[in-house]
Amino acid sequence: MKRKYLIILLVIILISCKKEKGCTDPTAINYNSQAEENNGSCKYNLEINFTHTVNNSPLELNQMIYTNAAGEDYSVQTLKYLISNITLKGPSINDSIIYNVHFVNIIDSSTFIINIPNLPNKTYTGISFTMGLDSLNNQTELFINESFFPSFAWPDFLGGGYHYMQLEGDFITPFQGYATHTGPTNGNNYSFLVETNFEENILENNRIIINMEINNWYAPNIINFTINGIMDDELTQNQLRNNGNNVFSISLE
Amino acid sequence: MIMTKNTCLLLIMITLFGCRKEDDYECNPTPFNPTPYTIATPPGFPDMIIPEDNPMTVEGIMLGEKLFNDNILSGDETVSCASCHIKTAGFSDTNQFSIGINGLAGDRNASTIINAGWNNQFNWDGSARNLEEQAFEPIRNPIEMNNTWENVEMKLNTHAEYPTLFKNAFNIDYIDSIHIVKAIAQFERTLISVNSRYDQYLRGEIQLTPSELNGFAIFNSEKGDCFHCHGTQMFTDNLFHNNGLDTEPFNDWGLGNITNNPLDNAKFKSPTLRNIEFSKPYMHDGRFNSLEEVVEHYNSGGNFSSTVDPLMKKLGVGLQLTNEEKQDLIAFLKTLSDPDFLDK
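Which chain is which? The protein sequence lines are A and B, in order. Using my numbering, the final residue of the first sequence is 253, and nothing's skipped along the way. Using my numbering, the final residue of the second sequence is 344, and nothing's skipped along the way.
For the record, the hints were derived by calculation from the structure and aren't laboratory data. Heads up, the beta-carbon is just placed ideally off N, CA and C, and yes, glycines get one too. Possibly wrong hints are sitting among the right ones.
To be verified - DMTMM-like, lysine to aspartate or glutamate: derived pairs with alpha carbons at most 25 angstroms apart: (1) B:Lys-314 <-> A:Glu-72; (2) B:Lys-313 <-> A:Asp-156; (3) B:Lys-223 <-> A:Asp-232; (4) B:Lys-314 <-> A:Asp-233; (5) B:Lys-87 <-> B:Glu-277; (6) A:Lys-122 <-> A:Glu-47.
To be verified - Computed footprint of chain B on chain A, listed as stretches where at least three residues anywhere in the stretch have a Cβ under 8 angstroms from a Cβ of chain B: (7) 151-159; (8) 163-170; (9) 175-181.
Bound conformation, chain A alone:
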């Protein structure tokens, strides 16, 4: 009888004497200060921030202080947009979507941040996302319970699905509205991919910053605010998509 207990005790002691294994990186979310040996279990949080500028200065709402490439003065009252298929890339990982669809609303700063929890310890050197929704995602039923329904719905009559962006304000005079609404005009896909690669591992930084330079929507293809009502206008949607290539910049901080 006594011997049996002794053996159990011994086993317990042995187990506790073994070198403690765990995550030894203090910047990881599951850092184990007791661990002496790294077992590769470290997990990391990644924060993505959305920022908005006009001519490289932070956006100021409701101020008639901006001028587009067509020479029209304008203000910004509304800015809402959808970012989808956020994907991290790296030498040893298959591209996998880490975030499906995110809605940014300029009057709600809680929408400026996404937290991606529990990323495994890998080398991530690139990030990509879709501005708007690709054809696969652009179906009304898919997001009917999201906060951006119903106001972001795109009528079936004009192709169905969702707006990609609603950028609105006044131009020329403080009372004349413009509405830069992009989306799946006539069922076409005008969403586009934005991608950036880095030399370093993204995880070694605190956050990824995705900036929208608003004025770049309106050049090099000159978009004129006097042409208003562009949701059925394939030419303008195409021009906005092409201008979109210079709208986003991604940096690490």
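Assemble chain B onto chain A, guided by the hints.
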């Protein structure tokens, strides 16, 4: 003696506990067993917003309907919710300003109550966040029902039927304001209109006339651009806008009164356009008496002001619809009438 008394007490306690644990039936003469009521989400609608602390039951809904129609809620028992929210008018009022108690009138047109369970902001200015909160207000409002909650509670608790109905719906022995508004809200969530000719058309059951179809196209394209604020099968974006009714200074600050943000002045909730044919007069102050006048307002482009919505894109220019197009747009709006809902 002492022993027996204690044993007895113990025994009683054990029986009580045991009873409670096992079954409600034996201790409780009227078991609380309300019938759950499920709302089937209609096509094109999101899931309804139902507060966790007020699940829908058949008993709750029937009680809510009775309260909604009962003058007992008003100070002198002359006015009910239904006095101003009339079923055949889409649960709104045909008067510009509803006449409440003592013949007094307010300065807003009574809202419709149609598919309200999918909204999360109530009254023209969004002053209430859910239907429960909304129902607190009219009872106390001096020009609506001019009552106090103490008085309402007193009357209902001494009433011949209400105590049993509340017991069956909520398992309460004392009727309080919280359960009164819960019952009313449950009833309001059942006011669902999804069987208009337009819905039947979407389901492929009927065909619309060429005029109605042309109106549908105007509504849903940049030509009329009604869909931005009255879009989807709900025919509202559940947001607030200034649709160019007035120039400054504004009479009614609307949302601005609630948020204290001057940029919100004269913004009002986009109402659903379902059953719009029967809910005249129109706008927060009931200024328009016909759909012709409403369409004329939008066709004119609306008035300039500092908070007018950028989506009122044709300010000063107007939509420039022809007479025929205006008629087509109105014909389409009338396809949103739902005779089942309106009891017509």
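Notebook entry, point to check: Quick check: which numbered hints come out false for this structure?
Noted result: none
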